[in-house]
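S.K.: Using the sequences and the hints given, assemble the complete structure.
The lines below spell out each chain.
Number of protein chains: 4
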Amino acid sequence: MTRAIVLGGSRGIGKAISDSLKLIEIDVFAASKKDIDTSNLESVNKFLEEHNETDILILNTGGPEPKLFSTITKEDWEKYHNQLFLGFCTILQKISINENGYIFLISSNVIKEPNVKLIISSAYRAAFAEVFKVLSKEYAQNNISCISIAPGPINTDRTQELIENVKEYEKTLPMKRLGEPEEIGNFVKGIIENKVKYLSGVTINFDGANSNYIF
Amino acid sequence: MTRAIVLGGSRGIGKAISDSLKLIEIDVFAASKKDIDTSNLESVNKFLEEHNETDILILNTGGPEPKLFSTITKEDWEKYHNQLFLGFCTILQKISINENGYIFLISSNVIKEPNVKLIISSAYRAAFAEVFKVLSKEYAQNNISCISIAPGPINTDRTQELIENVKEYEKTLPMKRLGEPEEIGNFVKGIIENKVKYLSGVTINFDGANSNYIF
Amino acid sequence: MTRAIVLGGSRGIGKAISDSLKLIEIDVFAASKKDIDTSNLESVNKFLEEHNETDILILNTGGPEPKLFSTITKEDWEKYHNQLFLGFCTILQKISINENGYIFLISSNVIKEPNVKLIISSAYRAAFAEVFKVLSKEYAQNNISCISIAPGPINTDRTQELIENVKEYEKTLPMKRLGEPEEIGNFVKGIIENKVKYLSGVTINFDGANSNYIF
Amino acid sequence: MTRAIVLGGSRGIGKAISDSLKLIEIDVFAASKKDIDTSNLESVNKFLEEHNETDILILNTGGPEPKLFSTITKEDWEKYHNQLFLGFCTILQKISINENGYIFLISSNVIKEPNVKLIISSAYRAAFAEVFKVLSKEYAQNNISCISIAPGPINTDRTQELIENVKEYEKTLPMKRLGEPEEIGNFVKGIIENKVKYLSGVTINFDGANSNYIF
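Protein chains in written order, with my numbering: chain A, 18 to 232; chain B, 18 to 232; chain C, 18 to 232; chain D, 18 to 232.
Some hints could be false.
Copies of the same chain look alike in the list, so a pair counts if it fits in one copy or across any two.
Said to hold, decoys possible - DSS-like mimics (lysine-lysine), calculated; alpha carbons at most 30 Å apart, straight line:
hint, residue 1, residue 2
1, K184, K51
2, K84, K111
3, K91, K184
4, K32, K193
5, K134, K111
6, K51, K193
7, K134, K63
8, K193, K63
9, K134, K39
10, K39, K212
11, K50, K63
12, K184, K212
13, K193, K212
14, K50, K39
15, K212, K188
16, K39, K96
17, K96, K212
18, K84, K212
19, K32, K111
20, K184, K134
21, K212, K91
22, K32, K63
23, K193, K111
24, K51, K63
25, K111, K50
26, K63, K96
Derived by calculation from the structure, the hints in this document are not laboratory data.
M.R.: Structural data, given as structure tokens:
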């Protein structure tokens, strides 16, 4: 039976992906923050002792609180360096992905259009996008597809917290609504159940036509 | 019943998309070059007289023969200006896409990494990418998703003609093989059957990790 | 003596570049629309009969009036296809650039972040950017540098016409002002007078930190 | 008198920029690794005690040795996280740039087209590019221009070490040669001496037409 590990799998986008994959008879381990805290490399290494192999891996983690550049401390940088970058690198250095597998990275569209309040997220997620791009060429040799999804405004608890008046904000969006986590879950499911493999090394905005950059 | 029009639907990637959509009970009109020749605006307008409304539209057409810049004639430019750009603009000006519909553009990854031999294709496909991006924001108001797929080396008759020694070429690719048209067909099917709508205004490389640009 | 041809050299950015180059003892031919109208291929060909060789070439032309997609006619597309794309291609097919020369393209930042009102400009300027990128590799063999400048809001007559309340608009810009044409002129001059040659094949936004895309 | 601080100013590109700026009567402090070691935050903070204000700042530092992903240690990541990212962030949090000033970032074109051997450099330089882009909009309010230069193959000691057979490598480049550090120095000088201010928030490839991505 195909197995999947979904990081941050107990809520938001991670939970939606877990739920979608369960519909197609995949044996999903939806890891919560208790199972693995990517901001803590000890926690990451301990997790890897028990989970060192999978068919499908979903790299997914929450982002930092909004913070202006001038107020970011060394501790902030180091925590999120671990959470958004070094934890994922450590996982990919140690975990074995089975042939014909998939790695999905849930990133953010702030890597293409960086955001003053989410500057930490823009920085470290962009750093990991570089690593993931390079590695996609190596994983390709085992027919493993590396797909990065860069969501825009999605209807999660976090978005509800970040944005003051969601109803007003939605009116400014091209689709007049936030995206639903289930849409990302179903997108991932659609790729896997249809055995789409040649989609790899790509960053896919998932933002309801909200971004402005041409590509 | 949901209806789809697939341009260039009788061969290659277009045929694969037609075949995939038929599997999910979509009423597909797979238009061949006899039905509509996008290099000929009269043919385009005649086609639109009979086909002025659909749920799903697949904008797809072959590219020009390889030609070096210095040898391209005014006639070449004008023919492919119609085929790769103006024909599609004319269609979008006149056809009505039903609410909750989809428009897929089958483009090429030479719009991101232009190719000396495919310079005509790089130029006019990039031009249309700009139009499609702008329009994605308008279509979003009716919950219509605009998705551009930019294939790399796919196993079609055309690729077999363009590349001298396909077997040798495949060894240079990250996945050691061309992509199959069916993978694109199944990718499109996966999006539609899973009702993924928030994916819009995006250009998705489909090239087996072959491109080098970060995004 | 080094010679330069500046298209659209009688006003706006073109005039500013002409004026700057004259300061460093370059023999500048500032071509006006009377000398060459790039929307008219006959005019282009006639110009090339007399001007078939130069050290420095500045490809520069005005853009179209703002127009929504649904209202653009076949005649509009064809006129600006000539003006923004095919005229420049014709020039580069026929003109000889001397070794160690320069070609500057004055484009627009709407090729990276397309604009609903300037959709024609976004499309055809992007198309030419593809051609210019490909050719930069060929020109490199003769140590000719190809530099594309993509201006944002610059203080020209055209901007004054396009924007209703310029004073209010300026307050929304990061630098709280439009750019001055002289800044572009001086930038071009700085590259040439300092013999910077390894800058080539690049598109440089010139927009006072106004764009949002990371690169 | 205008003052400049050039990090990594004792060799390579940094030295070339220092030398160029001295030609236009700028009071240059060419900081060597003895003055400030950006991989060591204590060294950075100590430097900032004495140098907390300038007109022109050149953020420049060497990159890591080539290393494959699987062999990179936690210590490597942390060292270069400091050297290529956190050191620069610390500087920008504490140093005061005078009105009408300039900040140049000397980055690398591996942030756009990441390199398997230079994966650390691709990652952390991309991270800092995000920070620099966001800050460019804030600095703009004081008419301070933020310009990122992304060099390709430049004729420095480091390139001579990295590349086995430089003569053979040069034949593969569009200009058939490496770029000279002086060209970057002169480019920077040309911008400053010509008071070009509206160029800001931009990443400029400096690679002799070697990159393949359209922008």
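S.K.: Indicate which option fits the pair K193, K212 if close means a Cα-Cα distance not exceeding 30 Å: within, between, both or neither.
M.R.: For K193 and K212, the Cα distance is within 30 Å only across copies (17 Å; inside one copy 32 Å).
S.K.: Within a copy, between copies, both or neither: which one fits K32 and K63 at a CA-CA cutoff of 30 Å?
M.R.: For K32 and K63, the Cα distance is within 30 Å only inside one copy (22 Å; across copies 47 Å).
S.K.: Can you tell me if K134 and K63 fall within 30 Å by alpha carbon in one copy, between copies, both or neither?
M.R.: For K134 and K63, the Cα distance is within 30 Å only across copies (29 Å; inside one copy 33 Å).
S.K.: From the Cα coordinates, with 30 Å as the cut-off, is the pair K50 and K63 best called within, between, both, or neither?
M.R.: Within. Shortest intra-copy distance 13 Å satisfies the 30 Å Cα cut-off; inter-copy 38 Å does not.
S.K.: Measure nothing new, just compare the shortest in-copy and cross-copy C-alpha distances for K193 and K63 to 30 Å and report within, between, both or neither.
M.R.: neither (43 Å within a copy, 35 Å between copies)
S.K.: When no copy is named, should K50 and K39 be tagged within, between, both, or neither for a Cα gap of at most 30 Å?
M.R.: within (20 Å within a copy, 43 Å between copies)
S.K.: Between the shortest in-copy and the shortest cross-copy C-alpha distance, which are at most 30 Å for K111 and K50: within, between, both, or neither?
M.R.: Answer is within; shortest intra-copy Cα gap is 19 Å, inter-copy 35 Å.
S.K.: I want to check one pair: K134 and K111. Are their C-alpha atoms no more than 30 Å apart within a copy, between two copies, both, or neither?
M.R.: For K134 and K111, only the inter-copy Cα distance (19 Å) is at most 30 Å; the intra-copy one is 33 Å.
S.K.: Quick one: K39 to K212, C-alpha cut-off 30 Å, is that within a copy, between copies, both, or neither?
M.R.: Result: close both inside a copy and across copies, 16 Å intra and 18 Å inter.
S.K.: Measure nothing new, just compare the shortest in-copy and cross-copy C-alpha distances for K32 and K193 to 30 Å and report within, between, both or neither.
M.R.: within (24 Å within a copy, 34 Å between copies)
S.K.: Check K51 against K193 for me: Cα-Cα at most 30 Å, and say if that holds within a copy, between copies, both or neither.
M.R.: Cα proximity of K51 and K193: none, with 36 Å in one copy and 40 Å across.
S.K.: Using 30 Å as the alpha-carbon threshold, which applies to K84 and K212: within, between, both, or neither?
M.R.: neither (41 Å within a copy, 34 Å between copies)
Violation of the numbered hints given earlier is confined to hints 1, 3, 6, 8, 9, 16, 17, 18 and 21; the remaining hints are satisfied by the structure.
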